[in-house]
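For this one, chain A is given, so just place chain B on it according to the hints.
Residue numbers (the working numbering), protein chains in the order written: chain A, 495 to 965; chain B, 1312 to 1636.
Don't read these hints as lab results, they were simulated from the structure.
Where a beta carbon is used, it is the ideal one built from N, C-alpha and C, also for glycine.
There could be a bad hint or two in this list.
Stated by the list, open to error - What follows is a list of derived Cβ distance ranges for each label pair:
id : chain 1 : residue 1 : chain 2 : residue 2 : range
1  : A       : Leu937    : B       : Leu1433   : 43 to 51 Å
2  : B       : Thr1441   : A       : Leu937    : 30 to 38 Å
3  : A       : Val655    : B       : Thr1441   : 47 to 55 Å
4  : B       : Leu1558   : A       : Phe680    : 57 to 65 Å
5  : A       : Leu511    : B       : Tyr1453   : 52 to 60 Å
6  : B       : Lys1501   : A       : Leu709    : 38 to 46 Å
7  : A       : Ile654    : B       : Leu1571   : 44 to 52 Å
8  : A       : Trp771    : B       : Arg1411   : 55 to 63 Å
9  : B       : Leu1484   : A       : Asn666    : 48 to 56 Å
10 : A       : Gly591    : B       : Thr1441   : 46 to 54 Å
11 : A       : Ile927    : B       : Leu1433   : 49 to 57 Å
12 : B       : Pro1489   : A       : Leu510    : 34 to 42 Å
To be verified - Each computed DMTMM-like pair below joins lysine to aspartate or glutamate, with the alpha-carbon atoms no more than 20 Å apart:
id : chain 1 : residue 1 : chain 2 : residue 2
13 : A       : Lys727    : A       : Asp618
14 : B       : Lys1483   : A       : Glu925
15 : B       : Lys1366   : B       : Asp1412
16 : A       : Lys611    : A       : Glu624
17 : B       : Lys1483   : A       : Glu594
18 : A       : Lys846    : A       : Glu925
To be verified - Every beta carbon over 12 Å from chain A, so not counted as near; a handful from chain B, in silico:
id : residue
19 : Asp1345
20 : Phe1400
21 : Asp1403
22 : Met1421
23 : Phe1449
24 : Gly1492
25 : Ser1517
26 : Val1548
27 : Ile1561
28 : Val1566
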Amino acid sequence: MIDHVVVLWTDALIFLLLILALLFALYAARKPHLRRPWRAVVRSRVGVGALVVLSFYLLVGLFDSVHYHPLVAAGESGNENERSVEVISLLDNLVSGLRERQEKTYSAPLATHLYAKERIERADGSSVREFPRLHFGGAHLHDPATERNADLLKLSAIGIVKGLLATLILANLLIVLLAVHRRSDFGTLAREVLWARTDIPWRVVLGVSGIMLVLLFWGGELSSKYHLFGTDKVGEDVLYQALKSIRTGLVIGTLTTLVMLPAAILLGIMAGYFRGWVDDLIQYLYTTLNSIPGVLLIAAAILMLQIYMSNHADEFNSLVERADLRLLFLCIILGVTSWTGLCRLLRGESLKLREIDYVQAATAFGVGHLQIITRHILPNVLHIVLIAVVLDFSGLVLAEAVLSYVNIGVDPTMNSWGNMINSARLEMAREPIVWWSLAAAMLFMFTLVLAANLFSDVVRDAFDPRLRSSR
Amino acid sequence: MMAYIIRRILYAIPILLGVNILTFMLFFVVNSPDDMARMNLGMKRVTPEAVENWKQERGYHLPLLYNSGREGAASITETIFFQKSVKLFKFDFGSSDNGRDIGYDISQRMWPSLAIAIPVLLVGLLVNITYALLIAFFRATYIDFWSVVLCVVMMSISGLFYIIGGQYLVSKLLHLVPISGYDTGLEAIKFLVLPTIIGVIGGIGSGTRWYRTLFLEEINKEYVRTARAKGLSETLVLFRHVLRNALIPILTGVVVVLPLLFMGSLITESFFGIPGLGSYTIDAINSQDFAIVRSMVFLGSVLYILGLILTDISYTVVDPRVRLT
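Chain A with its partners taken away, still in its complex shape (with noise of 0.2 Å):
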């Protein structure tokens, strides 16, 4: 099983930078002046709703990233352990069914029928002009007609069931594990839990969990059937597309992020920490990257890019490859036009540091630069960083689906609600109109950055006292 899985770039970083946070985590932990502002966060009702819509967000885009080459489906070939030659990820075989179940053409949401009327045989040997059936979307029933409205209501009742019953085995499960923990009874907790009586607000985690579970399995329910956001030109089912693009977004507003951290931290610190000669050389290199136009500088290095790729394209072992590069070089240059905000606010705060009395001490004493850096300067900006980190991501992923816009974001064969879009722009000039794409993309993406807003809105109120007190 090793031997077929690939790691791309990508992955790897992800799964680094989990296990970074994981690290920071721990570390935390241990640190008083860090726990009480995480603690802050996880008490704030806004924070762990927020906090758990992005989890599930997060699971899709783990599972996104864990890519293998399938097996060869049996009857195909003669070997039966052969490896296909395309890459996919653990979820593509999660919702395989919404991977393989491809249309001829666009398709409304939930349709029966294919979105253009074409020529059809019948069996007495004419042909009329009609709608379609479709090859998957309500392929059970005998007369979608009558039928559909009906099967509909007996899906969502099933999936709506389904969900409620996850979510109240998910909420026992949580008092029961509370109840160990602080050695209390099951029911005593689980009054505190739905009167909000407790410190964490479990009531709101189980409220939110619940709302997205109903809707997954609702979903999943639908989707068993029919495709809940339709089809797209070559009629792919959208909410695929949307759950793929979600590793997408996610990769781009964190690992930006983690390519701009080292130059950020490292050159701001330095430079308020050394000045003279150090801080002009730095501020010189941040005021030239910020004088470029993002946009431009994004659009040149992109253009750039494209012209090595198609000429060494025989570098690249396949498309997902290919993209992939594209994608982490499209972090990489994203990261050099936006780490030099960062890079001013530590620089600024470094100065601050350094002539504070404990710094002041630890040079009389003759401690070394490096240690002075990394025990005094660097514990008392991380909060700046964390703030500057999530404050980013929501920006970063906005940022993309305009980049792709303009064709200088990800690659066009990647999923991403950048793409969607684009596409959506010729669809919203068709009669009558396919707008499911750019509202299935603009559903996702909303969900995902306005979770992040309100989740950096909450971390940077505990962490920043001073943002505090003019509330």
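Chain B only, in chain A's frame:
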């Protein structure tokens, strides 16, 4: 003051030189002019002569940094770096890869860009400040809470959605204004209304929230309390004291972006088919016209630095305590 400005302008030169070297590296060193020629002529079956021709026509046949074939000063000037990059300092943009004069195009396309950017800026300021003042007046009430929620929701919607949705609703369903296009003179107004409204709506979320924090910061200060203690009404306090003091950061924030207004908005202009500098840039990116992209990078940097200098000057104008030395 004058000495300060002159020093700032002198300081801009190394920055612009840096920008130039960076773009030069990106466009000529990472990929050679041969690569660009092949890209433009199509990848397959390009004869070396065709590549050579393409380079000759556009002046890319020169050596990069040093021309050993020439004597004296010409060995420096007859190079790509001098011809394509250094000449930008004289605002001599040269001609684009398909032979048009870039400087002329920019001077023509600047005005439609401004015709959109200025109304969006002014109306946006008016709307955002009014709304933020209203929120500040009703601070710590449900109006405040739900307004902030509304702002966050509006911030979370992609700008593309406002444009596509607005075009569909206003132009396609209601047929109030044309979907896209542009005209000269007063006729242009009917093409400008929708982009302006959409631009303003798209900016309400972040703008209002930012101004609200500025106002609330001012409201908590001592002099406001004194003003209230004097017996001034809340409206008078808001307008005469809070608004006037909060205008300092607002104005300086606006001054930074003023020069960049010339560059236009990439997305809005291309969606509404307005022949400004934003759509000029997008077209250049899509047709891979490197000469235009290079010129726009340089122009953008110049305008950005101009914005920084103007900001510093505006500080001294609105706040007499600030002295530039």
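Fill in: Check on Phe1400/B being off the interface with chain A, judged by Cβ distance over 12 Å
14 Å, holds
Fill in: Lys1483/B paired with Glu594/A [C-alpha distance capped at 20 Å]
36 Å, violated
Worksheet entry | Minimum Cβ distance from Val1566/B to chain A greater than 12 Å, as the annotation requires | Check passes; 16 Å lies beyond 12 Å.
Fill in: Cβ distance range 46 to 54 Å for Gly591/A and Thr1441/B, holds or violated
Holds: the Cβ-Cβ distance is about 52 Å, inside 46 to 54 Å.
Practice prompt. For the pair we were handed, Lys1366/B and Asp1412/B, check the Cα-Cα distance against 20 Å.
Written response: Holds, at about 17 Å.
Worksheet item: Is the nearest Cβ of chain A still more than 12 Å from the Cβ of Asp1345/B?
Response: 9 Å, violated
Item to complete: Could you see if the CB distance from Leu937/A to Leu1433/B stays within 43 to 51 Å?
Response: 33 Å, violated
Worksheet item: Measuring from beta carbon to beta carbon, are Ile654/A and Leu1571/B in 44 to 52 Å?
Response: Holds: the Cβ-Cβ distance is about 51 Å, inside 44 to 52 Å.
Worksheet item: Does Glu925/A lie within 20 Å of Lys846/A when you go C-alpha to C-alpha?
Response: Not satisfied, since the Cα-Cα distance of roughly 62 Å exceeds 20 Å.
Fill in: Interface exclusion of Gly1492/B relative to chain A, criterion Cβ beyond 12 Å
Holds: least Cβ distance 15 Å, greater than 12 Å.
Item to complete: Hint says 30 to 38 Å; check whether the CB-CB distance for Thr1441/B and Leu937/A agrees.
Response: 31 Å, holds
Worksheet item: Does the Cβ-Cβ separation between Trp771/A and Arg1411/B fall within 55 to 63 Å?
Response: Violated, since Trp771/A and Arg1411/B (Cβ atoms, about 44 Å apart) do not stay within the stated range.
The earlier numbered hints that this structure contradicts are 1, 5, 8, 11, 12, 13, 17, 18, 19, 25.
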